[in-house]
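K.L.:
Sequence:
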Amino acid sequence: MEPWWAFSPEEWTAVRLSLLVASVATLASLPFGLLVAWLLARVRFPGKTVLNGIVHLPLVLPPVVTGYLLLILFGRRGPLGAFFESWFGLVFSFRWTGAALASAIMGFPLMVRAMRLSLEAVDRKLEDAGATLGASPAFVFLTVTLPLVAPGILAGMILAFAKAMGEFGATITFVSNIPGQTQTLPAAIYTLTQVPGGDGAALRLTALSVALSMGALIASEWLAARLGRRVSAA
Numbered sequence: 043m044e045p046w047w048a049f050s051p052e053e054w055t056a057v058r059l060s061l062l063v064a065s066v067a068t069l070a071s072l073p074f075g076l077l078v079a080w081l082l083a084r085v086r087f088p089g090k091t092v093l094n095g096i097v098h099l100p101l102v103l104p105p106v107v108t109g110y111l112l113l114i115l116f117g118r119r120g121p122l123g124a125f126f127e128s129w130f131g132l133v134f135s136f137r138w139t140g141a142a143l144a145s146a147i148m149g150f151p152l153m154v155r156a157m158r159l160s161l162e163a164v165d166r167k168l169e170d171a172g173a174t175l176g177a178s179p180a181f182v183f184l185t186v187t188l189p190l191v192a193p194g195i196l197a198g199m200i201l202a203f204a205k206a207m208g209e210f211g212a213t214i215t216f217v218s219n220i221p222g223q224t225q226t227l228p229a230a231i232y233t234l235t236q237v238p239g240g241d242g243a244a245l246r247l248t249a250l251s252v253a254l255s256m257g258a259l260i261a262s263e264w265l266a267a268r269l270g271r272r273v274s275a276a
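Counting from 43, one number per residue, gives the positions in the sequence shown under our numbering.
Bear in mind the hints are in silico, worked out from the structure with no lab data behind them. A few of these clues could be false.
What the hints assert, rightly or not - Label-pair restraints from in silico Cβ distances:
#1 VAL252 <-> SER128: 40 to 46 Å
#2 PRO73 <-> LEU168: 46 to 52 Å
#3 ASP170 <-> PRO221: 30 to 36 Å
#4 ALA177 <-> GLY242: 35 to 41 Å
#5 LEU62 <-> LYS167: 22 to 28 Å
#6 GLY131 <-> PRO51: 28 to 34 Å
#7 PHE130 <-> VAL252: 36 to 42 Å
#8 LEU101 <-> TRP129: 53 to 59 Å
#9 PRO51 <-> ASP170: 56 to 62 Å
#10 ILE114 <-> TYR232: 34 to 40 Å
#11 ALA177 <-> HIS98: 43 to 49 Å
#12 TYR110 <-> PRO221: 21 to 27 Å
#13 LEU122 <-> SER255: 38 to 44 Å
#14 VAL106 <-> ALA177: 47 to 53 Å
On a predicted model such as this, the values are computed, not experimentally measured, just so you know. Here a beta-carbon is modelled for each residue, glycine too, at the ideal position from N, C-alpha and C.
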């Protein structure tokens with residue numbers, strides 16, 4: 043008799059798919075997250091409040107609404123979905139790529155918030171000192187700003203990754219719950235709770251999800267504290 047914590051092949055498939063979806067969602071949204079965080083932290087422009095609202099909208103919008111909007115926009119007949127399919131051969135609806143897109147959007151606010159706070163905490167005098175020595179703004183950003191905010195960037199990535207691992211509402215609305223294709227950890231847990239005898243497997247996957255989420259929160263707090271010490275010492 044196998045121990046209760048032994049994962050079945052189907053459960054491992056859901057775990058691997060969740061890791062794939064969360065990794066792609068985090069890495070694909072990283073450059074956009076850093077750009078938006080920099081705009082919100084450093085630049086004054088018309089519509090800044092609107093952009094800030096749009097970025098944080100997934101936090102307050104019901105996930106099923108976000109998923110439905112994604113289905114309208116990125117479905118095969120949607121304006122953006124048809125564009126990506128015809129130009130790049132990229133299909134989102136009912137594919138793992140769609141799950142990655144939904145997870146990226148749901149985790150984007152957490153990533154941007156962590157990066158924005160890091161950028162706002164940097165002492166601008168350090169950047170001004172680099173500029174007075176003749177360094178270009180891009181060189182100052184790469185050699186002064188980026189090292190100082192690196193822990194904040196990592197913290198944002200970890201939070202976005204954890205959110206992507208736990209994303210359910212928008213994902214199941216956009217790409218459904220197809221085993222081996224779009225069935226991530228939360229969808230697998232939901233399915234197991236609906237079938238007789240699925241309690242043990244649901245408990246295993248739930249314990250794994252809790253462990254991953256707690257690990258992400260601890261890592262994020264540690265990185266935030268490290269950033270605070272680095273900025274104070276600078």
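K.L.:
Next, verify each hint and record whether it holds.
P.N.:
To see whether the hints hold, each was checked on the structure:
1. VAL252 <-> SER128: 40 to 46 Å: 42 Å Cβ-Cβ, so the 40 to 46 Å window holds.
2. PRO73 <-> LEU168: 46 to 52 Å: violated, 24 Å
3. ASP170 <-> PRO221: 30 to 36 Å: violated, 56 Å
4. ALA177 <-> GLY242: 35 to 41 Å: violated, 60 Å
5. LEU62 <-> LYS167: 22 to 28 Å: Since the Cβ atoms of LEU62 and LYS167 sit about 43 Å apart, the hinted range of 22 to 28 Å is violated.
6. GLY131 <-> PRO51: 28 to 34 Å: holds, 30 Å
7. PHE130 <-> VAL252: 36 to 42 Å: holds, 37 Å
8. LEU101 <-> TRP129: 53 to 59 Å: violated, 31 Å
9. PRO51 <-> ASP170: 56 to 62 Å: Holds: the Cβ-Cβ distance is about 58 Å, inside 56 to 62 Å.
10. ILE114 <-> TYR232: 34 to 40 Å: violated, 23 Å
11. ALA177 <-> HIS98: 43 to 49 Å: violated, 34 Å
12. TYR110 <-> PRO221: 21 to 27 Å: holds, 23 Å
13. LEU122 <-> SER255: 38 to 44 Å: violated, 31 Å
14. VAL106 <-> ALA177: 47 to 53 Å: For VAL106 and ALA177 the Cβ distance comes to about 49 Å; the hint holds.
In this structure, the hints that do not hold are numbers 2, 3, 4, 5, 8, 10, 11 and 13, in rising order.
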